[in-house]
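Engineer: Each chain, written out:
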Amino acid sequence: MENATPALFFAGIDIGSTMSKAVVVDAQGAMRGYVVGPTGAEHRRRANKVMEDVLLKVGITLDQVAYIISTGYGRVNVPFADKQVTELTCHARGVASLFPDVRTAIDIGGQDAKVLKIKSGRLTDFLTNDKCAAGTGRFLEVAAETLGLELNEMGQISLQSDTPVKINSLCTIFAQQEIISRLSEGQPLTDILAGVYIAVTTRVVKLARQLKVEPPVVFTGGVAKNSGMVKAMETVLGMPVLVPEEPLITGALGAAILARDEAFKLVQDGHYKIQKKQLSEAYIEFTEKKL
Amino acid sequence: MVTATTKGLSRAHEIYADRGKRVRELRKAGKKIIGYICLYPPIEIITAMGMVPFRIFGDMSEPITVADKVSTTVVCPFLRSIIDLGIKGKFDFLDGAVGAHTCDIGMTTIIAWRDYIKDAPFTHLIDVPHTDHAPAVDYFEGQINFFKQHIEELAGEKLSGDKLKKACELHNKQRKLVRDLYDLRKSDPPRLNSMENLEVMVSLFSLPVEEGNELLEAVIREVKERSIKPAKKKARLLVWGPVFDNTSLYELVESTGADVVVDDTCVGTRAFWADVKAPYDLHALAQRYLVDIKCPRTYRDTQHQETERSYDKDLDSRFSYIKKAVTDWHVNGVVLQSVKYCDTHGYEVPNLRHYLDTLGIPSIYIEHDYSERSLAPIKTRVEAFVETLG
Amino acid sequence: MSETATPSKTEKKRAINRLKSMYPLRNVVQQDYIDTLKASNEGKPTVWSMLNYWEGDLPLKAMGLNIVYPENYATLLAASGAAEPFLDASDSDGFPTHMCGYGRSTIGYSYRMMKENGGKIPPDAPLGGMAKPALLLGSGIICDARFKWFQSLARYFDAPEWCLEMPMMATYEGSEPDLEAYQVKFLVKELKDFIAFLEKLFKQKMDWAKLEELTDLAVKIHETTYKISELRQSIPGPMHATDFWSSMPPSLFFAGDMKVSLKCYQDMLAEVQERVNNKVSGINYPERYRLIFAELPPWHSLKFFDSLAEMGWNFVFESFGYHAPKPPDLSKYSDPCEKLARLSRNFMFNVFPEAKADNIQNPIVETYLKIARGFKADGFFMHPLISCRAASCSLRTVQHWEQEKLDVPSLWVEGDIIDKRVFNPQEVLARAEAFEQTMDHYRKVRKSRGLDW
Ligand code: SF4
Ligand code: SF4
Chain U
80 MENATPALFF
90 AGIDIGSTMS
100 KAVVVDAQGA
110 MRGYVVGPTG
120 AEHRRRANKV
130 MEDVLLKVGI
140 TLDQVAYIIS
150 TGYGRVNVPF
160 ADKQVTELTC
170 HARGVASLFP
180 DVRTAIDIGG
190 QDAKVLKIKS
200 GRLTDFLTND
210 KCAAGTGRFL
220 EVAAETLGLE
230 LNEMGQISLQ
240 SDTPVKINSL
250 CTIFAQQEII
260 SRLSEGQPLT
270 DILAGVYIAV
280 TTRVVKLARQ
290 LKVEPPVVFT
300 GGVAKNSGMV
310 KAMETVLGMP
320 VLVPEEPLIT
330 GALGAAILAR
340 DEAFKLVQDG
350 HYKIQKKQLS
360 EAYIEFTEKK
370 L
Chain C
573 MVTATTKGLS
583 RAHEIYADRG
593 KRVRELRKAG
603 KKIIGYICLY
613 PPIEIITAMG
623 MVPFRIFGDM
633 SEPITVADKV
643 STTVVCPFLR
653 SIIDLGIKGK
663 FDFLDGAVGA
673 HTCDIGMTTI
683 IAWRDYIKDA
693 PFTHLIDVPH
703 TDHAPAVDYF
713 EGQINFFKQH
723 IEELAGEKLS
733 GDKLKKACEL
743 HNKQRKLVRD
753 LYDLRKSDPP
763 RLNSMENLEV
773 MVSLFSLPVE
783 EGNELLEAVI
793 REVKERSIKP
803 AKKKARLLVW
813 GPVFDNTSLY
823 ELVESTGADV
833 VVDDTCVGTR
843 AFWADVKAPY
853 DLHALAQRYL
863 VDIKCPRTYR
873 DTQHQETERS
883 YDKDLDSRFS
893 YIKKAVTDWH
903 VNGVVLQSVK
913 YCDTHGYEVP
923 NLRHYLDTLG
933 IPSIYIEHDY
943 SERSLAPIKT
953 RVEAFVETLG
Chain G
180 MSETATPSKT
190 EKKRAINRLK
200 SMYPLRNVVQ
210 QDYIDTLKAS
220 NEGKPTVWSM
230 LNYWEGDLPL
240 KAMGLNIVYP
250 ENYATLLAAS
260 GAAEPFLDAS
270 DSDGFPTHMC
280 GYGRSTIGYS
290 YRMMKENGGK
300 IPPDAPLGGM
310 AKPALLLGSG
320 IICDARFKWF
330 QSLARYFDAP
340 EWCLEMPMMA
350 TYEGSEPDLE
360 AYQVKFLVKE
370 LKDFIAFLEK
380 LFKQKMDWAK
390 LEELTDLAVK
400 IHETTYKISE
410 LRQSIPGPMH
420 ATDFWSSMPP
430 SLFFAGDMKV
440 SLKCYQDMLA
450 EVQERVNNKV
460 SGINYPERYR
470 LIFAELPPWH
480 SLKFFDSLAE
490 MGWNFVFESF
500 GYHAPKPPDL
510 SKYSDPCEKL
520 ARLSRNFMFN
530 VFPEAKADNI
540 QNPIVETYLK
550 IARGFKADGF
560 FMHPLISCRA
570 ASCSLRTVQH
580 WEQEKLDVPS
590 LWVEGDIIDK
600 RVFNPQEVLA
610 RAEAFEQTMD
620 HYRKVRKSRG
630 LDW
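Protein chains in written order, with the numbering used here: chain U, 80 to 370; chain C, 573 to 962; chain G, 180 to 632.
Watch out, some of these pointers could steer you wrong.
Pair by pair, the computed Cβ-Cβ distance ranges are [stated by the list, open to error]:
| hint | chain 1 | residue 1 | chain 2 | residue 2 | range |
| --- | --- | --- | --- | --- | --- |
| 1 | C | P761 | U | T97 | 34 to 42 Å |
| 2 | G | W591 | C | E944 | 52 to 60 Å |
| 3 | G | Q616 | U | E229 | 42 to 50 Å |
| 4 | G | Q616 | C | A706 | 55 to 63 Å |
| 5 | C | D884 | G | K371 | 26 to 34 Å |
Derived contacts from chain C toward chain U, CB cut-off under 10 Å, selection only [claimed, not checked]:
| hint | residue |
| --- | --- |
| 6 | E826 |
| 7 | T828 |
| 8 | T952 |
| 9 | V958 |
Just so you know, the hints here were simulated from the structure itself, not pulled from any lab data. Model, not experiment: these values are computed from the prediction. Just so it is clear, CB atoms sit at the ideal spot from N, CA and C, and this is done for glycine as well.
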């Protein structure tokens with residue numbers, strides 16, 4: 080292994096509370112491939128799986144990956160990672176790599192939400208919400224269940240509404256009751272849905288306001304795929320938002336880019352070989368576990 | 573000599589693990605142990621009467637189970653923990669409990685102690701005025717005097733000026749030694765970490781002042797002889813906030829790749845910056861406690877009687893001691909921590925953060941409910957904060 | 180004001196039998212906001228003050244200064260459903276969310292005024308809003324929030340602040356008779372400094388004669404309100420808690436012209452006396468249960484008391500912290516500052532001497548034991564607040580001792596003065612129904628113990 084061909088790839092793995100993502104970048108920092116899959120209960124197994132999948136997708140082997148950074152809520156459960164970095168730093172880096180001028184990033188995940196302030200590509204300040212489900216993707220799930228819809232159907236339907244219903248309750252349980260009573264009052268589904276989006280985004284925007292929202296604003300996380308949510312976000316914020324093509328993977332992307340930066344720094348400091356050896360050991364462990 | 577030098581930190585570790593051990597022994601030998609809450613009861617008087625002041629802390633790892641019959645859930649969980657432990661009989665080695673009106677719930681804790689905790693038959697509550705106005709200092713001197721009279725009754729003897737002077741000198745010596753100890757963390761990396769430091773501090777609050785001073789001297793000798801590990805970390809932090817009597821928070825912060833090099837908390841430096849000044853009388857005590865201790869519970873009227881007010885000047889006179897610590901300990905980030913439901917510290921947060929902003933020092937505010945469980949979710953935020961400093 | 184005794188037809192349909200004499204008192208405070216704003220537009224200074232149990236109110240009024248009470252204004256924000264944007268603004272400026280709802284909403288008010296609206300009153304502020312302060316008068320009485328919150332307002336205003344002092348609430352230590360002189364001495368010194376500061380700040384002399392005149396009026400007002408409170412012990416309870424909350428500002432912080440207020444309270448006393456003579460109740464349904472409300476009400480949901488009145492629940496007394504005690508005899512003192520000091524101090528210390536009777540150290544507990552006995556309470560409605568410690572922290576102990584000593588049970592309902600999210604009226608009503616059985620049960624227990632209600 081000592082004399083193996085210099086590896087050209089770097090990976091980031093983001094084990095979120097509901098979804099796991101992996102991204103591979105090359106020495107230039109360009110993305111070469113990514114995968115997304117559900118996290119499930121067993122983080123370690125999931126980490127191995129997404130890593131394996133992304134290697135397959137890019138068509139490389141693990142020993143070609145010089146450095147791996149894990150991030151997200153399950154970041155400690157990635158045995159083959161060289162380093163762990165918080166999802167806040169990784170998101171900021173990932174978003175800034177796609178939108179270099181970004182000043183504010185809003186991420187709504189399955190069970191949390193975060194707001195990042197970014198300057199010259201660096202995270203400068205942040206806030207998170209993990210206590211209140213009303214400001215997270217969880218709230219949308221509950222609403223979808225209550226309305227008997229699939230999550231991915233939701234966005235398109237609501238776009239047709241100009242008069243969103245007001246959902247006052249901030250507690251998920253109360254809000255659920257409210258949705259039911261709006262339905263029974265005969266309010267149109269589209270208006271109720273649009274109301275749900277406004278309620279979730281209002282919650283998150285409140286958080287964002289604490290850090291003073293500055294444009295350009297980038298909106299990420301699973302729910303940013305939902306066009307109804309994007310519209311609601313723009314309405315509540317009162318300014319346009321940018322959405323990456325694949326809004327789920329910015330954390331993993333940032334981790335991969337940070338992995339590249341870190342590896343380069345180690346080369347400069349002369350620590351690279353040591354890391355490389357550790358990497359090989361982790362690889363052996365990883366393949367053994369697989370068997 | 574060798575044993576003496578190695579004994580400091582391990583002794584502190586022992587006392588930290590069982591705070592009541594030494595005072596129980598002393599009590600068996602006939603000493604009176606007087607528990608107190610917060611920094612405001614003048615412990616010099618307790619020492620001078622030949623008794624042992626013992627700071628009452630809570631226990632983060634013990635779930636609160638019986639305090640609900642006395643208090644609502646939306647009050648300071650640290651004080652709730654104290655009431656909980658008290659009802660469970662965990663302070664059965666105390667001969668007395670002294671509280672002060674340092675905050676509202678601090679006051680009601682002592683009142684509740686009287687009605688619900690039958691250990692420690694002697695209780696006393698000292699009123700602490702809210703401002704540092706001159707009439708307030710006089711009034712506070714009167715409060716100290718009532719406390720003195722009450723404790724004289726318990727002791728069955730009068731307090732002499734000589735004894736008080738001697739006690740003041742002993743406590744001043746302790747303050748000086750603590751400052752020396754903190755000086756050892758000015759180096760990069762610091763010579764002792766924040767967990768070790770806290771164990772020493774908690775020990776000081778659990779021992780008679782002379783024994784505390786011996787411990788400090790031993791620890792300082794031991795730490796000075798240590799070789800510094802070369803591994804520097806990327807952040808040097810100051811931790812601010814109310815009482816934190818448990819190493820777990822420091823462990824959490826240091827595990828994110830930062831050194832905590834100094835603090836402004838009431839188990840750390842807050843009680844040790846200011847000495848009692850000559851002539852060591854009750855007025856000097858009033859001055860030291862009410863005016864010289866810098867805690868958000870006192871409204872320090874920095875622009876007293878001035879009709880024009882400057883916010884910046886106000887911030888500077890309230891917080892410049894923190895600026896000094898930031899400079900002297902080469903701090904590059906501040907963690908503001910507080911238990912939930914602490915009003916005196918809560919209102920301070922935006923103002924202190926603003927002040928730190930003007931100094932160019934990044935800061936983060938974290939809240940917890942004084943349980944080990946509530947610390948875990950904070951970790952990612954502290955870690956990300958440290959990453960922004962790196 | 181003449182036909183005070185019998186409620187008119189339209190009022191009869193309402194669940195709560197409101198006192199006619201309440202309305203003019205309720206209007207006083209609203210008019211006060213409007214007048215103060217008008218005066219400010221004419222260039223007169225506005226003082227922002229915390230409730231200070233009269234030691235600050237009277238000197239300010241004697242100097243003819245206009246005062247607003249953010250603490251009271253916050254209740255108006257909540258009652259008119261307008262609080263939310265103000266709470267959000269406080270959060271967005273970094274104030275922790277667990278703190279006093281009054282504090283948060285007026286911090287938010289100040290933030291929006293100074294940081295978002297260029298120094299102008301936010302357009303959605305009810306009653307025209309509060310003008311910018313020329314002085315912030317904090318107070319050390321009752322809670323830590325009251326001086327820390329005003330200290331924080333310096334973020335937005337350059338106005339000077341003063342923090343009034345008061346010895347802590349009555350306790351065993353504070354109530355020794357020989358301490359009284361020492362406490363009064365402290366207060367007098369503080370008051371003299373404070374008044375010197377007012378003179379310097381507003382470049383005008385204190386009108387000492389006026390101060391004495393107002394102090395005398397204050398005593399008369401409190402004598403009257405105290406008599407009303409005593410009459411309320413009658414069965415059926417002649418005055419409902421909501422009437423008290425609506426009419427208290429002119430006695431709690433002397434809103435408006437004190438001479439007019441005195442007259443209004445005298446009218447109220449007469450009306451209550453009439454009701455007592457004729458056994459007229461404060462609710463328009465038969466009084467089935469007599470309830471005491473502790474401590475601060477849910478300002479955002481006062482309508483909720485109608486539903487309880489329909490069930491025959493009469494709230495016969497409430498919020499001891501809003502009630503002026505029987506005033507002390509001030510005639511033997513000549514220094515106006517001393518009179519004032521004694522008047523104020525009396526609020527904190529009047530209960531303790533009696534407290535020793537029950538051998539309980541918490542003066543709030545003792546106060547409520549006395550109230551439960553005097554008012555023959557069937558139950559307590561305990562309303563611990565999620566954002567206020569001072570008015571909530573002793574409620575558990577009160578509950579415990581009421582049950583232990585008097586067999587009076589409590590209904591425990593978490594809520595808040597400002598934040599309505601935690602309060603679910605539907606659920607509380609369901610629990611209230613069940614609580615009736617508890618009250619019935621303890622009625623029997625009390626009787627069997629020889630208690631007379
Ligand atoms: S943490 Fe705050 S509320 Fe608790 S005892 Fe300390 S000052 Fe009082
Ligand atoms: S007593 Fe409670 S509600 Fe009133 S100002 Fe203090 S904290 Fe706020």
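Engineer: Tell me the numbers of any earlier hints that the structure contravenes, in ascending order.
Structural biologist: 2, 6
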